[in-house]
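Colleague: These are the residues of each chain, in order.
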Amino acid sequence: MDDRKIQILIDSLWPMIKAGLQFTIPLTLIAFALGLVLAIVVALVRLWKIPVLSQIAGIYVWIIRGTPLLVQLFIIFYGLPTIGIKFDPFMAAIIGFTLNMGAYNSEIVRAAIQSISKGQWEAAYSLGMTRGEALRRIVLPQATRVSVPPLSNSFISLVKDTSLAYTITVVEMFQVSKQVSAVTYEPLLIYCEVAVLYLVLCTVLNALQNVMEKRLARFSTR
Amino acid sequence: MIEIRNLHKSFGSLEVLKGVNLSLEKGKVLVIIGPSGSGKTTLLRCMNLLEMPNAGSLKLGDSNLSFDGGRKPGKKDVLKLRQNTGMVFQSYNLFPHKTAIENVMEAQVVVQKRSKEEARSRSAELLAKVGLSGKEDAYPHELSGGQQQRVGIARALATNPEVMLFDEPTSALDPELVGEVLKVMKQLAAEGMTMVVVTHEMKFAAEAADTVVLMGDGVILEQGPPAQVLNRPSDGRAAEFLNLLTEKER
Chain D
19 MDDRKIQILI
29 DSLWPMIKAG
39 LQFTIPLTLI
49 AFALGLVLAI
59 VVALVRLWKI
69 PVLSQIAGIY
79 VWIIRGTPLL
89 VQLFIIFYGL
99 PTIGIKFDPF
109 MAAIIGFTLN
119 MGAYNSEIVR
129 AAIQSISKGQ
139 WEAAYSLGMT
149 RGEALRRIVL
159 PQATRVSVPP
169 LSNSFISLVK
179 DTSLAYTITV
189 VEMFQVSKQV
199 SAVTYEPLLI
209 YCEVAVLYLV
219 LCTVLNALQN
229 VMEKRLARFS
239 TR
Chain U
55 MIEIRNLHKS
65 FGSLEVLKGV
75 NLSLEKGKVL
85 VIIGPSGSGK
95 TTLLRCMNLL
105 EMPNAGSLKL
115 GDSNLSFDGG
125 RKPGKKDVLK
135 LRQNTGMVFQ
145 SYNLFPHKTA
155 IENVMEAQVV
165 VQKRSKEEAR
175 SRSAELLAKV
185 GLSGKEDAYP
195 HELSGGQQQR
205 VGIARALATN
215 PEVMLFDEPT
225 SALDPELVGE
235 VLKVMKQLAA
245 EGMTMVVVTH
255 EMKFAAEAAD
265 TVVLMGDGVI
275 LEQGPPAQVL
285 NRPSDGRAAE
295 FLNLLTEKER
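These protein sequences, in sequence, are chains D and U.
First residue of the first sequence? That's 19 in the numbering used here, and the numbers climb one at a time after it.
First residue of the second sequence? That's 55 in the numbering used here, and the numbers climb one at a time after it.
Any given hint could be a false lead.
As the list claims (entries may be wrong) - Quick list of in silico lysine-lysine cross-link-like pairs, PhoX-like style, CA-CA up to 20 Å: (1) U:LYS152 - D:LYS136; (2) U:LYS240 - U:LYS257; (3) U:LYS113 - U:LYS130; (4) U:LYS257 - U:LYS82; (5) U:LYS129 - U:LYS152; (6) U:LYS189 - U:LYS170; (7) D:LYS196 - D:LYS23; (8) U:LYS152 - D:LYS232; (9) U:LYS129 - D:LYS67.
Simulated from the structure, these hints should not be mistaken for lab results.
The structure presented is a predicted model; accordingly, all values stated were derived computationally and were not measured.
Chain D on its own, in the form it takes in the complex:
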């Protein structure tokens, strides 16, 4: 590899990392956190069959899972302004990814809660706990353990899916790599470089997942 190429790699590294720190990582963290809250609410509303809300939740999950993420982002960012609802690109991305995470993760959360035996609820009730107390103190902590592997999976998918935000003009990591590639005419080099950055990010997250699983494995669920 000649010196010019090495120089391009080095020069483009910081702008990409900066975009990652400014947009890719915050977008991932915020959308995942909000999406998880949404997912728990949706899962409970459906598990407890709360009238009306449970039907709305069902339709929400059906639509989000049945349409492409890209189309959802376009509707939010390009479509909604025509009826007067405007967001800046980053906000539109947060909304889009949160809705997406909420729908997919609600199924994970629902399965995890259902995997906790009825006896755990009954033991909590027999001690005089309310449904909320039983959920918070007894069932969710155990469901968390069950759901860490699948939730990590969806988290890592999200890291990579945030690259789609470039289509709604968010200057995240992939957008920067596109710009650099256009200027330097080195698409192979630059796209491989950004791929490595994503790979590093996901590898770190994978390691974190392993740590969490080990910590949560202190007890076994019979």
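Guided by the hints, dock chain U onto chain D, whose structure is given.
Modeller: Chain U only, in chain D's frame:
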């Protein structure tokens, strides 16, 4: 302490309790026996409303609940009744993500709003009472079945219930571990705890019960002191069931 009148419970079209009448004085031990499917566990679970009866009435301590005409008690009444009863489950149902002492502390902290220090010291006493000093920090999966069930008893006692309900507490245990659990239960009975016990342990029934109830097909077939019910049943079906049990023990 407990007064049950004409209690009915159905699951769909299956009628499991067909009008049960029962009463128990404070400090007495009631043992419920009967073949599987006779409704004994359902009856017990109606006493803390893990099953909601369809008709009849239930008095337990200060709680006075009627289920006639499809009536259901309010949330507050349900919680009050449950706080006044402790239940021990066949499959223990300990909280696997909590240590032995945390299992016993849980309801004191969450339901009774005691301080953690207070709950911890009371829980340590209760674990000592069931013979588990030194096991405070063990997780349930690190304990034997007998030890787990004794934690289950301590957990149920932690909120100072007036009545203890036992749902086949020794049925899931290896034979050599049954004794340690029964010993704790006998000790409780001797201390004057009001207890309702669903069990197949005839020896326990004979030794510890004040009253034995023999159920069959959703009704009470026999009711009386253990000597009378276990040795001289007047009902034909009751005699048949008892014969089966004694044959099994031979």
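Colleague: All the hints need checking, so say for each whether the structure fits it.
Modeller: Verification of the hints:
A C-alpha spacing of about 17 Å is found between LYS152 (chain U) and LYS136 (chain D), which places the hinted pair at or below 20 Å, so the restraint holds. Only pairs whose Cα atoms come within 20 Å are accepted, and LYS240 (chain U) paired with LYS257 (chain U) is accepted, the gap being roughly 12 Å. Annotation: proposed proximity of LYS113 (chain U) to LYS130 (chain U) holds, straight-line Cα distance about 15 Å (limit 20 Å). Proximity of LYS257 (chain U) to LYS82 (chain U) is assessed by CA-CA distance (about 17 Å); at most 20 Å being required, the pair is judged to hold.
At most 20 Å may separate the alpha-carbon atoms for a hinted pair to count; LYS129 (chain U) and LYS152 (chain U) exceed this at roughly 27 Å. A threshold of 20 Å between alpha carbons decides the hint, and for LYS189 (chain U) with LYS170 (chain U) the separation of about 18 Å falls inside it, so the pair holds. Taking the CA atoms of LYS196 (chain D) and LYS23 (chain D), the gap is near 16 Å; set against the 20 Å cutoff, the hint holds. The straight-line distance between the Cα atoms of LYS152 (chain U) and LYS232 (chain D) is roughly 16 Å, inside the 20 Å bound, and the hint therefore holds.
The suggested pairing of LYS129 (chain U) with LYS67 (chain D) holds, with an alpha-carbon distance near 18 Å, which does not exceed 20 Å.
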